[in-house]
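Residue numbers (the UniProt record's numbering), protein chains in the order written: chain A, 1 to 446; chain B, 1 to 565.
By construction, these hints were calculated from the structure, which means they are not laboratory data.
Being a predicted model, the structure only gives us computed values, none of them experimental.
Even glycine gets a Cβ: it sits at the ideal position worked out from N, Cα and C.
Just to be clear, a hint being listed does not mean it is correct.
[As the list claims (entries may be wrong)] The list that follows gives simulated cross-link-like pairs (lysine-lysine, DSSO-like), each with its CA atoms no further than 27 angstroms apart: (1) A/K320 <-> A/K309; (2) A/K150 <-> A/K135; (3) B/K516 <-> A/K22; (4) A/K22 <-> B/K524; (5) A/K22 <-> B/K527; (6) B/K531 <-> A/K22.
[Unchecked claim] Negatives, chain B to chain A, calculated, CB over 10 angstroms: (7) T94; (8) T307; (9) G326.
[Unchecked claim] Heads up, incomplete: computed chain B residues facing chain A, CB under 10 angstroms, no partners named: (10) M191; (11) G226; (12) H537; (13) R558.
What follows is the residue order along each chain.
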Amino acid sequence: MATPQVVNISLPSLPQGWAGEKDFKIVGALSGATKRNVEPVGPHFLAHARRSRHNRTFSEDERLQAQNSVKKTEVEEDDDISEDEDPMMLNREAKDWKGQDHYAVLGLKKYRWRATPEQIKRAHRKKVLRHHPDKKAAQGKGDENDSFFKCIQKATDLLLDPTRRRQFDSVDENADVDPPTKKLTGSKFYKGWGPVFVAEGRFSNKQPVPTLGDENSTQDHVETFYNFWYNVDSWRTFEYLDEDVPDDDVSRDQKRHVEKKNANARRKRKTEDVVRLRELVDECLASDERIKKFRQQARAGKDAKRLAKEEELRKAKEAKENAKAAEEKAKKDAEEAAKADREKNKKAKEAAKNASKKNKRILKGSVKDVNYFAAAGEPSAAEIDGVLTDVDLIMAKIDVDELAVLAEKLTIAGKDGAAVKTAWTGEAQRLVEAGKLKAGEAKVFA
Amino acid sequence: MGDAANTPAEAERYAIGISFGNSCSSIARISPEGKAEVIANEEGDRQIPSILSYIDGEEYHGTQAKAQLIRNGTNTVAYFRDFLGKEFKSIDPTPCHQSAHPQQKDATVAFTVRDTASETPNTITVSEITTRHFQRLRRSATDFLGKDVNAAVITVPTDFTDAQREALVASAKAAGLDVLQLIHEPVAAVMAYDARPEATVTDKLVVVADFGGTRSDVAVVASRGGMYTILATAHDYELGGATLDQIIIDHFAKEFMKKHKTDPRENARGLAKLKLECEATRKALSLSSNAQLSIESLVDGVDYGSTVNRTRFELLAGKVFSQFTGLIEQVVKKAELDVLDIDEVIFSGGASHTPKLASLASNIFPETTKILAPASSTTAINPSELSARGAAFQASLVQEFEHEDIEQSIHPMVTVTPHLTKAIGVEFTSQTETTFQPLLGAETALPARRIAQYFAPKEGGDVLVRVCEGAREIKVTKPEPKAKEDKPAADEDDSDFDSEDEEEEDIREIVWKTEKPVAELAVKGVKADGKIEVMVHVNPDLGLQIAVREVGSQNAVRGAVNGSA
Chain A
1 MATPQVVNIS LPSLPQGWAG EKDFKIVGAL SGATKRNVEP VGPHFLAHAR
51 RSRHNRTFSE DERLQAQNSV KKTEVEEDDD ISEDEDPMML NREAKDWKGQ
101 DHYAVLGLKK YRWRATPEQI KRAHRKKVLR HHPDKKAAQG KGDENDSFFK
151 CIQKATDLLL DPTRRRQFDS VDENADVDPP TKKLTGSKFY KGWGPVFVAE
201 GRFSNKQPVP TLGDENSTQD HVETFYNFWY NVDSWRTFEY LDEDVPDDDV
251 SRDQKRHVEK KNANARRKRK TEDVVRLREL VDECLASDER IKKFRQQARA
301 GKDAKRLAKE EELRKAKEAK ENAKAAEEKA KKDAEEAAKA DREKNKKAKE
351 AAKNASKKNK RILKGSVKDV NYFAAAGEPS AAEIDGVLTD VDLIMAKIDV
401 DELAVLAEKL TIAGKDGAAV KTAWTGEAQR LVEAGKLKAG EAKVFA
Chain B
1 MGDAANTPAE AERYAIGISF GNSCSSIARI SPEGKAEVIA NEEGDRQIPS
51 ILSYIDGEEY HGTQAKAQLI RNGTNTVAYF RDFLGKEFKS IDPTPCHQSA
101 HPQQKDATVA FTVRDTASET PNTITVSEIT TRHFQRLRRS ATDFLGKDVN
151 AAVITVPTDF TDAQREALVA SAKAAGLDVL QLIHEPVAAV MAYDARPEAT
201 VTDKLVVVAD FGGTRSDVAV VASRGGMYTI LATAHDYELG GATLDQIIID
251 HFAKEFMKKH KTDPRENARG LAKLKLECEA TRKALSLSSN AQLSIESLVD
301 GVDYGSTVNR TRFELLAGKV FSQFTGLIEQ VVKKAELDVL DIDEVIFSGG
351 ASHTPKLASL ASNIFPETTK ILAPASSTTA INPSELSARG AAFQASLVQE
401 FEHEDIEQSI HPMVTVTPHL TKAIGVEFTS QTETTFQPLL GAETALPARR
451 IAQYFAPKEG GDVLVRVCEG AREIKVTKPE PKAKEDKPAA DEDDSDFDSE
501 DEEEEDIREI VWKTEKPVAE LAVKGVKADG KIEVMVHVNP DLGLQIAVRE
551 VGSQNAVRGA VNGSA
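Sequences are here, hints too, so could you generate the full structure?
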């Protein structure tokens with residue numbers, strides 16, 4: 001899109017008298033646009049989406065895309081090999097190649113056994129460019145000493161051959177990490193022992209090697225770690241330390257003798273190494289605080305279980321006892337309440353009896369007080385009898401409460417004969433209405 | 001390993017493109033060399049029939065399943081793509097006449113087949129069938145690539161509803177395929193051509209004619225600076241390769257009846273055999289001028305063999321061919337365009353192999369229009385593979401994206417953009433005439449930027465650049481009167497004489513007219529034989545930024561026209 005199309009037509013010349021501010025003149029505006037759905041496919045659409053989502057213009061987007069692609073290539077070349085060279089090393093003799101540190105020769109000290117073949121090749125090339133004898137000659141250092149160049153070649157040959165590289169790695173003491181000498185506690189333990197096992201892990205046939213972890217590692221992780229190290233399958237060999245087998249000019253017996261010696265030495269070293277590693281793991285395990293922690297946790301777990309069980313039993317027992325006590329208390333309470341109730345009832349009954357007796361007295365007294373409704377003088381026996389019969393009748397029919405009400409009314413009425421009569425008549429009427437008294441049964445209070 | 005490293009790394013995403021058709025499906029990927037490659041399944045098929053068949057609990061897929069249509073039709077599920085995500089009442093079950101019949105189940109469509117060893121048939125929904133189909137496709141791709149294929153870009157027709165899309169995504173998900181995106185078939189076809197390394201990005205109008213097995217879809221796609229916009233679509237759900245097969249079936253059935261007095265079409269198995277063989281014959285006719293047909297025991301144990309040549313087939317199928325071309329003409333009209341506007345015609349789909357279709361299309365369109373069909377262009381891509389290739393290309397583009405990223409990118413906020421209604425270009429005036437050269441075509445999605453270089457006048461000096469809106473007109477020139485006399489005679493002739501006809505027709509050509517000048521810029525003191533570079537940038541609000549400079553010098557003028565919105 002950014003590439004211009006070339007059109008083979010010539011533009012017109014500027015007509016006479018044309019004028020515009022800064023050589024630019026607006027003549028009109030675009031006519032409207034229609035909204036349509038662009039199909040969301042293809043690289044150009046993705047570019048469009050990127051621009052519109054991030055609000056970029058064409059040129060901004062182009063610049064950012066270009067920057068991104070530049071960054072990627074930079075990262076690739078970042079891991080360059082550049083280490084200082086020890087002047088002592090530069091003076092080494094190629095004859096003595098067995099004694100040299102091949103990684104240091106190639107400037108791969110910080111990678112060592114981690115260096116990839118690709119890195120080794122690159123390192124070799126770099127060193128060759130610097131130390132090639134022809135270069136030295138051109139620089140005027142005419143000492144013709146190409147021994148370090150030979151060292152480089154030896155180192156590269158060895159490191160690029162997987163078998164020989166393993167042999168060297170097996171005895172590469174510079175890659176070993178010494179175990180801590182004193183007992184470490186806390187986070188120091190992990191810092192001290194972690195790298196030891198990472199370094200030892202390079203000999204394992206099984207990769208990846210489990211790590212030591214830290215104080216928060218799970219029991220599973222820790223167990224896996226120690227199980228791995230007690231059953232480690234190591235490829236470490238000690239051929240690199242072999243004594244040189246003499247050339248054919250020496251007798252065959254001599255040769256065999258040396259070979260036998262070498263084999264024995266290798267076997268011995270291997271056994272020693274296995275023992276060493278075992279002791280190493282033992283030592284680490286002994287000072288590993290996590291093991292203790294896990295044991296405690298396990299015990300605590302067991303204890304907690306037992307305690308929980310006991311607690312449960314105790315609680316159940318308590319609950320049972322509580323229930324029993326509550327039951328008994330309830331029973332006692334109920335009995336007492338019943339007793340109190342009975343006494344109360346008795347008293348109430350007595351009181352009621354007394355009250356009704358009193359009320360009855362009032363009732364009887366009321367008629368007596370008004371002289372049995374006699375108009376004047378002494379009432380006749382028949383009159384008295386009639387009134388008293390009715391009073392008895394009504395008293396027999398009404399209950400305690402009504403009795404109290406009537407007594408009250410009569411007390412209010414006092415000695416007023418008409419009022420007393422009205423009260424009685426009213427009561428008789430009410431009883432008739434209530435159906436307790438037959439109409440006409442009460443003769444005087446009808 | 002350490003605790004942090006214990007969390008399993010998320011499985012690496014490997015995406016392919018899938019073209020899921022009613023009759024055939026294809027799977028494609030982008031090879032490490034960057035070329036689209038359609039993957040063959042275990043049987044070596046690159047067009048895998050979308051058919052599943054069951055015998056005694058064993059599942060057959062693709063060509064093997066297609067062969068089962070003859071003997072085991074009721075347990076064979078075919079042509080189910082268009083049923084997905086639809087209600088029973090809205091589907092057309094005609095293509096399934098010979099296979100398991102679609103039925104209603106709840107709100108969806110289902111098939112009753114004996115897919116297990118037991119005698120009792122099971123009812124399987126169309127979603128489940130699709131899932132099984134995708135599982136087979138995924139397995140084929142995984143076996144071929146040796147990597148676990150777990151994502152895909154799938155093509156769908158332009159008229160796929162949201163419900164259909166959802167059902168398709170769900171089915172693919174159940175088959176272990178993470179659908180990164182669904183893309184439209186015609187656009188996938190255009191992209192398959194544009195993704196070729198030799199292709200250049202140009203502004204063009206493309207007609208994509210997708211003639212499939214059971215249906216035909218034609219779309220007009222505007223390709224502007226590599227962005228695609230569908231301008232119009234037309235569908236015919238009854239026209240396709242099957243319609244052409246029917247012609248051959250009828251032809252051979254009639255021939256058979258003459259000899260044996262029985263109609264093979266009345267026998268279900270006879271019809272199935274005839275259909276399968278006639279399809280093969282029709283495909284053979286696309287490649288050679290003669291094709292054979294031989295069927296053992298067509299009906300009543302009678303073996304049948306015959307040949308047919310291409311001319312006869314084309315004569316018989318004349319009406320059907322005109323339906324195909326009619327669809328193309330219809331869609332161009334629907335897009336309010338003229339055949340002269342179309343720059344390319346891309347033939348897609350299985351039936352597009354038919355040579356006559358390409359030659360008929362080249363008669364409709366002017367000579368400048370590129371007809372991309374295998375019969376007319378040697379560089380054309382196999383039409384059956386187009387959508388799968390386009391999907392694979394898109395898959396390779398979005399494979400690294402997060403789902404959220406893709407969703408945000410295909411959100412209407414991003415995809416709905418204003419498109420220019422009129423072309424923008426530069427006007428050239430000379431003493432004799434005024435011409436207009438378009439720079440941004442109509443229907444260009446905004447924002448857009450175009451750069452062009454024009455020559456300055458021979459003698460140099462001050463130059464005027466007039467940026468205008470232009471309109472295209474179709475100029476019709478009457479032919480010579482003599483031609484008119486010939487016309488009636490020519491009309492009676494057969495289509496063989498089409499080429500002669502054309503010469504006598506009206507001469508139609510595109511003429512650009514300046515409609516509305518927008519801005520004028522002056523570049524002063526241009527060297528003789530210099531070149532002027534014009535850059536026009538149109539904002540979504542119809543604002544313009546124009547920069548004009550002389551190539552190879554500091555002489556530049558720039559200005560902006562504010563947008564209307």
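Checklist entry - Can the hint on B/H537 be confirmed by a CB-to-CB distance to chain A that is less than 10 angstroms? => result holds, 7 angstroms
Checklist entry - Hey, does the B/G226 contact hint survive, CB to chain A under 10 angstroms? => result For B/G226, the interface hint holds, since the closest Cβ of chain A sits about 3 angstroms away, which is under 10 angstroms.
Checklist entry - Are the Cα positions of B/K516 and A/K22 separated by 27 angstroms at most? => result holds, 22 angstroms
Next on the checklist: The hint names B/M191 as touching chain A; please verify it with the least Cβ-Cβ distance against 10 angstroms.
Outcome noted: B/M191 check passes; min Cβ-Cβ to chain A is 5 angstroms, inside 10 angstroms.
Next on the checklist: Need the status of pair A/K150, A/K135: alpha-carbon distance at most 27 angstroms?
Outcome noted: holds, 14 angstroms
Item to check | B/T94 non-interfacial with respect to chain A [C-beta, more than 10 angstroms] | outcome: The claim holds: B/T94 sits with its nearest Cβ about 31 angstroms from chain A, beyond 10 angstroms.
Item to check | Hint consistency between A/K22 and B/K524 [alpha-carbon to alpha-carbon, up to 27 angstroms] | outcome: Judged against 27 angstroms, a Cα distance of about 11 angstroms means the pair holds.
Next on the checklist: Interface hint check: B/R558, Cβ to nearest Cβ on chain A, cutoff 10 angstroms. Holds or violated?
Outcome noted: holds, 7 angstroms
Item to check | Agreement of B/K531 and A/K22 with the hint, judged by alpha carbon distance not exceeding 27 angstroms | outcome: Holds, at about 20 angstroms.
Checklist entry - Within a Cα-Cα threshold of 27 angstroms, do A/K22 and B/K527 meet the stated pairing? => result Measuring from Cα to Cα gives roughly 20 angstroms; hence the hint holds.
Checklist entry - Should the label of B/T307 as a non-interface residue stand, given a Cβ cut-off of 10 angstroms to chain A? => result Non-interface label on B/T307 holds, nearest chain A Cβ at 44 angstroms vs cutoff 10 angstroms.
Checklist entry - Going straight from one Cα to the other, do A/K320 and A/K309 come out at no more than 27 angstroms? => result holds, 17 angstroms
Of the numbered hints listed earlier, not one is contradicted by the structure.
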